[in-house]
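Visitor: Using the sequences and the accompanying hints, generate a full structural model.
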Amino acid sequence: MSNEKSLYDLEFVSNSGETVSMSDFTGRPVLIVNTASKCGFTPQYDGLQSLYEEFSPLGLVVLGFPCDQFAHQEPGSDEDIEEFCRINHGVTFPLSTKIDVNGKNTDPVFEFVKKRTSGVLGSSVKWNFTKFLVAPDGQTVTRYGPRTEPAAIAPDVTALLEETVG
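Here the sequence shown stands for residues 895 to 1060, where the numbers follow the numbering used here.
There's no promise every hint is true.
Said to hold, decoys possible - Taking lysine-lysine and the PhoX-like style, the derived pairs with C-alpha atoms no more than 25 Å apart in a straight line are:
1. K1009 - K998
2. K998 - K899
3. K1020 - K932
4. K1020 - K1009
5. K1020 - K998
6. K899 - K1009
Keep in mind that the hints were calculated from the coordinates and are not lab data.
Guide: Here it is as structure tokens:
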């Protein structure tokens, strides 16, 4: 596996149109979530923001990747999405431009995390708010389903942060 890319070899385009290198997050745990503004799980933005506020000073990175592939639940523009997240959920963690998480146009970040995990539908993302926690090694990925509340991930984040510091 040493010849394979790590998460830190990839990049994404931020909601504001800037290219972000995942290498900026080297050695830190990264929580990657496909998000949507009009989904039954949308209130999880609050929990993601809480995780971000609690653990980002210790090293956690939370990244939201808006996706409109599930029942057209993310119909807005990148600007609409950012405004919705900020006003309704106080989101301050980084968001990407709207991406695909499945199919021929799958974003490279999601290609990476899906390849290292499996869910109910194999490697496909089942629905909005599927979460992937990437360990500081940039290789090890833990997958959580849409029903997993962000607070339930906190013990795993704490364990990764303790490994990083310890």
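Visitor: With reference to the structure, classify each hint as holding or not holding.
Guide: A quick look at each hint next to the structure:
Restraint check for K1009 and K998: the C-alpha separation of about 14 Å stays at or below 25 Å, so the hint holds. The hinted pair formed by K998 and K899 meets the criterion: a straight-line CA distance of about 20 Å does not exceed 25 Å. The hinted pair formed by K1020 and K932 meets the criterion: a straight-line CA distance of about 16 Å does not exceed 25 Å. Distance hint between K1020 and K1009 is fulfilled; the C-alpha atoms sit about 14 Å from each other, no more than 25 Å.
Under the criterion of a C-alpha separation no larger than 25 Å, the hint pairing K1020 with K998 is consistent with the structure, at around 16 Å. Between K899 and K1009, the direct Cα distance comes to roughly 12 Å. Compliance with the 25 Å bound is thereby established for this hinted pair.
Violated hints for the displayed structure: none, as all numbered hints are satisfied.
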